[in-house]
Amino acid sequence: MANVSIRGLSKRFGGKVPTTAVDSLDIEIEPGEFLVLLGPSGCGKTTTLRCVAGLESADEGSIAFGERTVFDAGRGTNVPPNKRNIGMVFQSYALWPHMTVRQNIGYPLRARRMKRATASEWIEEAAELVDCSGLLDRYPGQLSGGQQQRVALSRGLVARPDLVLFDEPLSNLDARLRDQVRTEIHELHQRLRFTAVYVTHDQSEALALGDRLAIMRAGKVEQLGRPEEIFEEPGTEYVAGFTGMENRLSLERKDGGWSHYGEPVKGELGFDDHPFDSFAARARPEDLQLVRPGTPLPPDALAFTAIVADSEFGGRWMDVLLTVAGTRLHSRMPAGERGSWVRSLNAGEQVTAYVRPGDTTFFDQDGARIPTKHAARNPASAVGV
Amino acid sequence: MSEISAPAVEVATARRKPIRLSYLAPRLGLIVFIGLLGYLILLPLIRLQALAFSHGARAYSEAFSEPGIWQVILRTVELALGSLAIALVLGTALAWAASTLSPRLKFLKILPILPIVVPAIASVLGWSFLFSPHPGYLNALLRHLPWWHHLYEGPVDIYTLPWIVIVTGLALTSFIYLFVSAGFENINGELLEAAQVSGSSPAGVFFRVTLPLLRPALIYGSGVALLLALGQFTAPLILGTNNNITVLTTQMYYATQQTPAQYDVAAALGSPLLIFGVTILVLNKILLGDLGRFVTHGGKSFRTSAKSSKLGAIALVVYGIAATLLPIIGLVLVALSPFWSGQLHPSQFTLNAFHQLFHDGQIITAIKTSLIASVIAVAITIPLGYLGATILRRRDEFPLLRPVLDIIVAMPLSIPAVIFGVGFLYAYTRGPIVLYGTNWVLVLVYITLMIPFSARMQLSGMVALGDSYQEASRVSGGGVFRTHLTIMAPLMRATFAGAAALMFILLANEFAASLLVRSPTQNVMGTVLYNYYGNGLYPVVAATALVMVAVTGAGVAIAMIAGGSDIFKKL
Numbered sequence: 001m002a003n004v005s006i007r008g009l010s011k012r013f014g015g016k017v018p019t020t021a022v023d024s025l026d027i028e029i030e031p032g033e034f035l036v037l038l039g040p041s042g043c044g045k046t047t048t049l050r051c052v053a054g055l056e057s058a059d060e061g062s063i064a065f066g067e068r069t070v071f072d073a074g075r076g077t078n079v080p081p082n083k084r085n086i087g088m089v090f091q092s093y094a095l096w097p098h099m100t101v102r103q104n105i106g107y108p109l110r111a112r113r114m115k116r117a118t119a120s121e122w123i124e125e126a127a128e129l130v131d132c133s134g135l136l137d138r139y140p141g142q143l144s145g146g147q148q149q150r151v152a153l154s155r156g157l158v159a160r161p162d163l164v165l166f167d168e169p170l171s172n173l174d175a176r177l178r179d180q181v182r183t184e185i186h187e188l189h190q191r192l193r194f195t196a197v198y199v200t201h202d203q204s205e206a207l208a209l210g211d212r213l214a215i216m217r218a219g220k221v222e223q224l225g226r227p228e229e230i231f232e233e234p235g236t237e238y239v240a241g242f243t244g245m246e247n248r249l250s251l252e253r254k255d256g257g258w259s260h261y262g263e264p265v266k267g268e269l270g271f272d273d274h275p276f277d278s279f280a281a282r283a284r285p286e287d288l289q290l291v292r293p294g295t296p297l298p299p300d301a302l303a304f305t306a307i308v309a310d311s312e313f314g315g316r317w318m319d320v321l322l323t324v325a326g327t328r329l330h331s332r333m334p335a336g337e338r339g340s341w342v343r344s345l346n347a348g349e350q351v352t353a354y355v356r357p358g359d360t361t362f363f364d365q366d367g368a369r370i371p372t373k374h375a376a377r378n379p380a381s382a383v384g385v
Numbered sequence: 001m002s003e004i005s006a007p008a009v010e011v012a013t014a015r016r017k018p019i020r021l022s023y024l025a026p027r028l029g030l031i032v033f034i035g036l037l038g039y040l041i042l043l044p045l046i047r048l049q050a051l052a053f054s055h056g057a058r059a060y061s062e063a064f065s066e067p068g069i070w071q072v073i074l075r076t077v078e079l080a081l082g083s084l085a086i087a088l089v090l091g092t093a094l095a096w097a098a099s100t101l102s103p104r105l106k107f108l109k110i111l112p113i114l115p116i117v118v119p120a121i122a123s124v125l126g127w128s129f130l131f132s133p134h135p136g137y138l139n140a141l142l143r144h145l146p147w148w149h150h151l152y153e154g155p156v157d158i159y160t161l162p163w164i165v166i167v168t169g170l171a172l173t174s175f176i177y178l179f180v181s182a183g184f185e186n187i188n189g190e191l192l193e194a195a196q197v198s199g200s201s202p203a204g205v206f207f208r209v210t211l212p213l214l215r216p217a218l219i220y221g222s223g224v225a226l227l228l229a230l231g232q233f234t235a236p237l238i239l240g241t242n243n244n245i246t247v248l249t250t251q252m253y254y255a256t257q258q259t260p261a262q263y264d265v266a267a268a269l270g271s272p273l274l275i276f277g278v279t280i281l282v283l284n285k286i287l288l289g290d291l292g293r294f295v296t297h298g299g300k301s302f303r304t305s306a307k308s309s310k311l312g313a314i315a316l317v318v319y320g321i322a323a324t325l326l327p328i329i330g331l332v333l334v335a336l337s338p339f340w341s342g343q344l345h346p347s348q349f350t351l352n353a354f355h356q357l358f359h360d361g362q363i364i365t366a367i368k369t370s371l372i373a374s375v376i377a378v379a380i381t382i383p384l385g386y387l388g389a390t391i392l393r394r395r396d397e398f399p400l401l402r403p404v405l406d407i408i409v410a411m412p413l414s415i416p417a418v419i420f421g422v423g424f425l426y427a428y429t430r431g432p433i434v435l436y437g438t439n440w441v442l443v444l445v446y447i448t449l450m451i452p453f454s455a456r457m458q459l460s461g462m463v464a465l466g467d468s469y470q471e472a473s474r475v476s477g478g479g480v481f482r483t484h485l486t487i488m489a490p491l492m493r494a495t496f497a498g499a500a501a502l503m504f505i506l507l508a509n510e511f512a513a514s515l516l517v518r519s520p521t522q523n524v525m526g527t528v529l530y531n532y533y534g535n536g537l538y539p540v541v542a543a544t545a546l547v548m549v550a551v552t553g554a555g556v557a558i559a560m561i562a563g564g565s566d567i568f569k570k571l
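Residue numbers (my numbering), protein chains in the order written: chain Y, 1 to 385; chain Z, 1 to 571.
Okay, chain Y solo, but in the shape it has when bound (with noise of 0.2 Å):
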């Protein structure tokens, strides 16, 4: 088990549009570590993985396993991917149509030369290890997706390498089946303790997985930190879009108060303030809460006025669609008894929203995020780039 240390890492594609994949990337990843690399399509993520594995070569940069360098663009090396002691699950699984469940996942024990009787050993325990013992005389296509999934798991594990990577490996599953495979791969680690990179643009499975989750943006690590970090203080307003954070008030001071492209904000900020003309407020649907116009609000509420444009039911609780100043958000109440007055919310009624400050993130301009008074926990410390 070794740390992995990316330094500085670029990729670019050329091609018609030439784009840059990676750009100067710097990750340290701890021994036993699960790295989580999460972003949207496009942000380098699946090329970080890949450089990593060795299936693509990055134009600038390196990268360490512990003392060894398996590619470093300035000197040259690049270690292909079978001398890299690592172990990979692909999204499509790529489990070897021609060969047995036993085969597949034996097969990178012969790459390296193990003893056939010993090998047959790992193999059983490999197969253990994912439930999949009486499954290893089939061929994969006699699998469903799940088990074969299982068994690309197995075949990444079975040699105890120094790095287990995962190219999105949940996203050809069903979403019963996701859930299952994520809670297998998360006791597995818990169990084995393997230092793994993960890449996934599903914020659920980053935040259920994770040691660390790297948030990455246009070939650049918007943010690394703790799940929890991650989730409560986000660094940038990126990186709230993409946790969750899908409520945006754009404030601007006006009058000496505050608004929201023209409609007046009500209440305290709690924060010095003085320094912004505008900044953004984010806040997740759960935090927005909705009352009927004229009701007493809280002391610390930045409450506004809203029309409803639509209203879901949702069993627990109510999704509704609301429109402020031609701008949409979305606010989850709590469904409360039948005939409740969210459950008879209609299009067109006139409510009032409000967020509290604690429940809410602020950005400046450029979506950095300001410091309030209402952040109990630590201030993040991990806030990067």
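One should not assume that every hint holds.
Which bits of chain Z does chain Y cover? Going by a derived footprint, with three or more residues having C-beta under 8 Å, they are [claimed, not checked]:
{"hint": "1", "stretch": "461 to 469"}
{"hint": "2", "stretch": "473 to 482"}
Quick partial rundown of chain Y residues pointing at chain Z, CB under 7 Å, derived from the structure [as the list claims (entries may be wrong)]:
{"hint": "3", "residue": "A53"}
{"hint": "4", "residue": "A64"}
{"hint": "5", "residue": "G66"}
{"hint": "6", "residue": "N82"}
{"hint": "7", "residue": "I86"}
{"hint": "8", "residue": "W96"}
{"hint": "9", "residue": "H98"}
{"hint": "10", "residue": "Y107"}
{"hint": "11", "residue": "A111"}
{"hint": "12", "residue": "R112"}
Calculated directly from the structure, the hints in this document are not laboratory data.
The beta-carbon is built from N, C-alpha and C at its ideal position, and this holds for glycine as well.
Starting from the structure of chain Y, add chain Z where the hints point.
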């Protein structure tokens, strides 16, 4: 660390990175590979041109000052454009017809492909047996019609340019059909359903959505068919002789048959075709780039909005009868008759021609030569094609060398086989390597002609497999060789078998290049047939043609078993 580094060379200009072995080795290997293919494919052509340009390009002035040469060129173009027009209309119509077939009749889809696998020389002879002005069977039959009753000959004269165009057009139809069918299959069915639910009539869907989506397939298919049409050799040779209708390829052949052989004139005559072929090839690579970007895969497979109709099935059957069955019937009738006349006397039917054929023994030797040369050529072409396809698949590597390889590999498809025949004949009748008279010259020309098919089919096999199987092997610790050996080879087995079978069929049918490079004592099946034809032994000619069809038929059967019934789509 496995990294092999060249000793760190102290370079005076310290900014330059030392060139490493890991960088150099694959490129050197690739250069050797390209050099090998270049020697095989390009050198004969280059030597031929050098000869034609020697003595102040004397051969060029001789070839193009001959009276009637411009008529030959005009006729070549007429033949090409005429047959292309026929092929485009018929091919597209048949592909459309095939897409309307009900599942029960899907097997009819194979009918329009048959003319590719029936030896060209056999079907051309079949046509001449049916439509020769006087003794042609169908002509004799047509003369029973009251309004043709007075005729002594005709009404059809297969030995005229329009009919040569029609015969060629019927053969090229298969290629257009293949391309357009593949084009149809690459269209996502939901695109058409979307147009239909948006309010378009079936005809509207066809003209507004289907046809525009087919455009790349049509353009590409027309390009290939045009090149094939310009290089047509067999039909003009067999059918054009009577009325002295010649095209560039047949003129080239005649030039090599003079004593002494006029290779330089033949080379000069081939130049327009050579230049046109290479131009089309390069333009195609520049303009279309990778055809993959036109693919609209995904979702449901293509289904026409039209209900499955009997009409489509009828169209396919009619074409199948006209283009494949009729000429074979012509061959059977002549083969069974004691001699060829317009009259049929079933009571006199005899197998004499076959007895004579096998007694003569020429055909046995020829079949052996055909089979041995084809098998060796296929055995060599498969690995060459695999290597080529593997390199062509790596889009991001070798930005300079890869396009060179791409063009060299595609060249034999865009340059007429006759030109390669002349080139190989000239190159291997003199030093440094003299192979004339041995089967090796056949093998080499066969390898050359098949390289595009081998590389293309294996490339599409690799594209279909995707990269992840290989990548999974590499990250699991498998080296390059282990990955190719234990992962790729087993997964590509069906592709290998299919490619081998297809190449085998094409080679067993090969006539144009074989006719040129063979020595007088050396024969393959097609050339034996041509010898008999020259001697006027028509029943034996017909019997030979049928033997050729039978050998090919066996090849097709093996191909279908090995590669599945859709094997011909991979072209």
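Each hint tested on the structure:
1. With 3 residues having a beta carbon nearer than 8 Å to a beta carbon of chain Y, the stretch 461 to 469 of chain Z meets the requirement of three or more and the stated coverage holds.
2. As drawn, the stretch 473 to 482 of chain Z meets chain Y at 9 residues by the rule of a beta-carbon pair under 8 Å; at three or more, the given contact holds.
3. Given hint, A53 (chain Y) at the interface with chain Z, holds; its Cβ is 5 Å from that chain's nearest Cβ, closer than 7 Å.
4. Contact between A64 (chain Y) and chain Z, as hinted, is not supported at the beta carbon level, the nearest pair being about 12 Å apart and thus beyond 7 Å.
5. With a least beta-carbon distance of about 13 Å to chain Z, the hint placing G66 (chain Y) at the interface is violated under the 7 Å criterion.
6. Interface hint status for N82 (chain Y): upheld, as the beta-carbon distance to the closest one in chain Z is roughly 5 Å, under 7 Å.
7. Proximity of I86 (chain Y) to chain Z holds as hinted, the smallest CB-CB distance being about 6 Å (cut-off 7 Å).
8. Against a cut-off of 7 Å between C-beta atoms, the interface hint on W96 (chain Y) holds, since the closest Cβ of chain Z lies about 6 Å away.
9. Because the beta carbon of H98 (chain Y) sits about 4 Å from the nearest beta carbon in chain Z, less than 7 Å, this interface hint is met.
10. Satisfaction of the interface hint for Y107 (chain Y) is found here, the shortest Cβ-Cβ separation to chain Z being roughly 5 Å, below the 7 Å cut-off.
11. Using the Cβ-Cβ criterion of 7 Å, the hint placing A111 (chain Y) at the interface with chain Z is satisfied: the shortest such distance is roughly 4 Å.
12. For R112 (chain Y), the suggested interface contact is upheld, since its CB lies about 5 Å from the closest CB of chain Z, less than 7 Å.
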